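Enquirer: Given the coordinates of chain A, work out where chain B with the ligands should sit on it, guided by the hints.
If you read the sequences in order, they're chains A and B. Numbering-wise, the first sequence is residues 1 to 287 according to UniProt numbering. Numbering-wise, the second sequence is residues 1 to 259 according to UniProt numbering.
Among the clues, some could well be false.
As the list claims (entries may be wrong) - Covered stretches of chain B, going by a simulated chain A footprint (3 or more residues, C-beta under 8 Å):
(1) 95-109
(2) 128-134
Claimed, not checked - In silico DSS-like cross-links for lysine-lysine, where the CA-CA straight-line distance does not exceed 25 Å:
(3) B:Lys130 / B:Lys176
(4) B:Lys130 / A:Lys277
(5) B:Lys110 / B:Lys130
(6) A:Lys277 / B:Lys116
(7) B:Lys116 / B:Lys130
Treat the hints as calculated values from the structure; they're not laboratory data. Predicted model, so just to flag it, every value in this text is computed and none were measured. We put the beta carbon where it would ideally sit given N, CA and C, even for glycine.
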Amino acid sequence: MTDAPLIGPAPTPMVDAEEARRARGRRIELAARYTLPLAVMALAILAWDRIVVWNEIPHYILPSPARVWDYFTGNWSTLVDAAMLTGRITLMALAVAVLGGAGLAILFNQSRMVELSLYPYAVILQVTPVVAIAPLIFIYVESKVAGMLMCAWIVAFFPVLSSTTLGLNSVDRNLRDLFAIYGASRWQRLIHLQLPSALPYFLGGLRIAGGLSLIGAVVAELVAGTGGVGLGLAGRIQEAGYRLNIAGMFAALAMVAAMGLVIFAALSLLSHLLLRKWHESALKTES
Amino acid sequence: MPRPTSIDDRAELLRVEAVNKVFPGDVRALMGMDLTVRQGDFISLLGPSGCGKSTALRLMAGLSHPTAGRIAWAAPPARGDVGVVFQEPTLMPWATVAQNVFLPFRLEGKSYASVKDDILDALRLVGLDKFQTAYPRELSGGMKMRVSIARAMVTQPKLILMDEPFAALDEITRFKLNNDLLAMQARIGCTVIFVTHSVFESVFLSDRIIVMAARPGRVIEEVRVDAPYPRSEEFRTSADYAAHCRAASRALEHAMEAA
Ligand SMILES: Nc1ncnc2c1ncn2[C@@H]1O[C@H](COP(=O)(O)OP(=O)(O)OP(=O)(O)O)[C@@H](O)[C@H]1O
Ligand SMILES: [Mg+2]
Numbered sequence: 001m002t003d004a005p006l007i008g009p010a011p012t013p014m015v016d017a018e019e020a021r022r023a024r025g026r027r028i029e030l031a032a033r034y035t036l037p038l039a040v041m042a043l044a045i046l047a048w049d050r051i052v053v054w055n056e057i058p059h060y061i062l063p064s065p066a067r068v069w070d071y072f073t074g075n076w077s078t079l080v081d082a083a084m085l086t087g088r089i090t091l092m093a094l095a096v097a098v099l100g101g102a103g104l105a106i107l108f109n110q111s112r113m114v115e116l117s118l119y120p121y122a123v124i125l126q127v128t129p130v131v132a133i134a135p136l137i138f139i140y141v142e143s144k145v146a147g148m149l150m151c152a153w154i155v156a157f158f159p160v161l162s163s164t165t166l167g168l169n170s171v172d173r174n175l176r177d178l179f180a181i182y183g184a185s186r187w188q189r190l191i192h193l194q195l196p197s198a199l200p201y202f203l204g205g206l207r208i209a210g211g212l213s214l215i216g217a218v219v220a221e222l223v224a225g226t227g228g229v230g231l232g233l234a235g236r237i238q239e240a241g242y243r244l245n246i247a248g249m250f251a252a253l254a255m256v257a258a259m260g261l262v263i264f265a266a267l268s269l270l271s272h273l274l275l276r277k278w279h280e281s282a283l284k285t286e287s
Numbered sequence: 001m002p003r004p005t006s007i008d009d010r011a012e013l014l015r016v017e018a019v020n021k022v023f024p025g026d027v028r029a030l031m032g033m034d035l036t037v038r039q040g041d042f043i044s045l046l047g048p049s050g051c052g053k054s055t056a057l058r059l060m061a062g063l064s065h066p067t068a069g070r071i072a073w074a075a076p077p078a079r080g081d082v083g084v085v086f087q088e089p090t091l092m093p094w095a096t097v098a099q100n101v102f103l104p105f106r107l108e109g110k111s112y113a114s115v116k117d118d119i120l121d122a123l124r125l126v127g128l129d130k131f132q133t134a135y136p137r138e139l140s141g142g143m144k145m146r147v148s149i150a151r152a153m154v155t156q157p158k159l160i161l162m163d164e165p166f167a168a169l170d171e172i173t174r175f176k177l178n179n180d181l182l183a184m185q186a187r188i189g190c191t192v193i194f195v196t197h198s199v200f201e202s203v204f205l206s207d208r209i210i211v212m213a214a215r216p217g218r219v220i221e222e223v224r225v226d227a228p229y230p231r232s233e234e235f236r237t238s239a240d241y242a243a244h245c246r247a248a249s250r251a252l253e254h255a256m257e258a259a
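Extracted from the complex, chain A is given alone in its bound form (with noise of 0.2 Å):
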């Protein structure tokens, strides 16, 4: 806007009918996204709490979410301290997932006979099931945090790898031309054209990837059981249930499952960070 002075009446607001009503949506649709999920919350733990006093269900089948709470508050320092080891392990194994992921993606893309004679083998990791390989794996690997380390890397580096990899392939064909006819070199494509064109690729397969490596850190924790290097949160949903303590299993499972959140959120947050000036997937967050 600038600041020259105004001409002639002040201009009246010109918002048309349909467009307040557009604008009215939107408000809408902003408040609902979050208060509508809350909501079926708060009505599930509703049912839930009813469904349990009115059968009079023994806590050791079902405890009541009051009871749950209960154990949360309880307990707490115990359970940040189960979080804080499955996070550690699952941000590690993210980073290891990252680094793995999109450094094969680059080596793949820079040699073509390194891809043929790997690629399947990354496919072949990828199918199979982790909880299949997991207990083999600890029979080798002796510390405990590697082994959960690779589970965590063998289901989370795929995603970044094949969306890394299609991203490298899809760069802008005249693009590449046109650096070719500036006399760019393979470094110089790769740094200043393949992999910022990549990066939207690669941040979508790191979303997934976060989730992944939850569960891959889960996973492993349950197969390689409890011990060793302390509890995480999947030992202690082993633990509580071993002693029948239902409500120790919901409050673990609930903070796997916010862990989850956190993670995906965070990965989100970054992605939006890193994509706002130019991607049009940030372009709808604005105006």
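Expert: Okay, now just chain B with the ligands, sitting in the frame of chain A:
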């Protein structure tokens, strides 16, 4: 570099000599193409779809190589001696306008600071010096195309190759860019080879129109437009312009019949 009045007096820039380009499946994109490009020429390649216009441009850009014949440069081109503009603006969406124009220099290993003035000059020439920090998605189609032209010009190339650069734009924007393109060519004195489907555009812009036919792709005829530069909007409505359009249309008709 002032443009000598007579086309035949200009120094030779490159020669396309008996070039064939055959793609797998015996697709004869170009057969026996001869063309002498001279410094300061504004050449249009005009012809129906599939007659090998883009193929000819790619050969001259060094992006592909002739199946037979050769492209002979008077002096071998150095980096930055050839600029290209495609039908789409072909900008890097993650980079600002200035960074996009900087690209040819960046790939030569130059620092931004050392060529800042060249970049600003090029952007000023296309009227976008106020938009240095904008991202491509913030620009209109015409503005993006201007950035693309600025990038092609920024290295002061000897030859600019343009493949239907304005085909996707509306007529008002296209006319404006036609005028600006001529002004720019006059400023930096480069040679332009311009692919178009439009008889009118080719007559307005060029002094030589190469009319081509398809299947196999080949040169049918050269139409000279001897109207003097600078050409203004008045030229668009002159009898001279109409006469040249008629001549070019007739040549194009021959090309279509020959196919
Ligand atoms: N890479 C390629 N592989 C196989 N055939 C090709 C290739 N490039 C072009 N052709 C064929 O060569 C012929 C000439 O193509 P070219 O793109 O040069 O035509 P054009 O004159 O630019 O057409 P248009 O006006 O539609 O852009 C066409 O028949 C096309 O199908
Ligand atoms: Mg073409």
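Enquirer: May I ask which of the numbered hints given earlier this structure violates, with the numbers listed in increasing order?
Expert: Checked against the structure, the only hint that fails is number 2, while the rest are satisfied.
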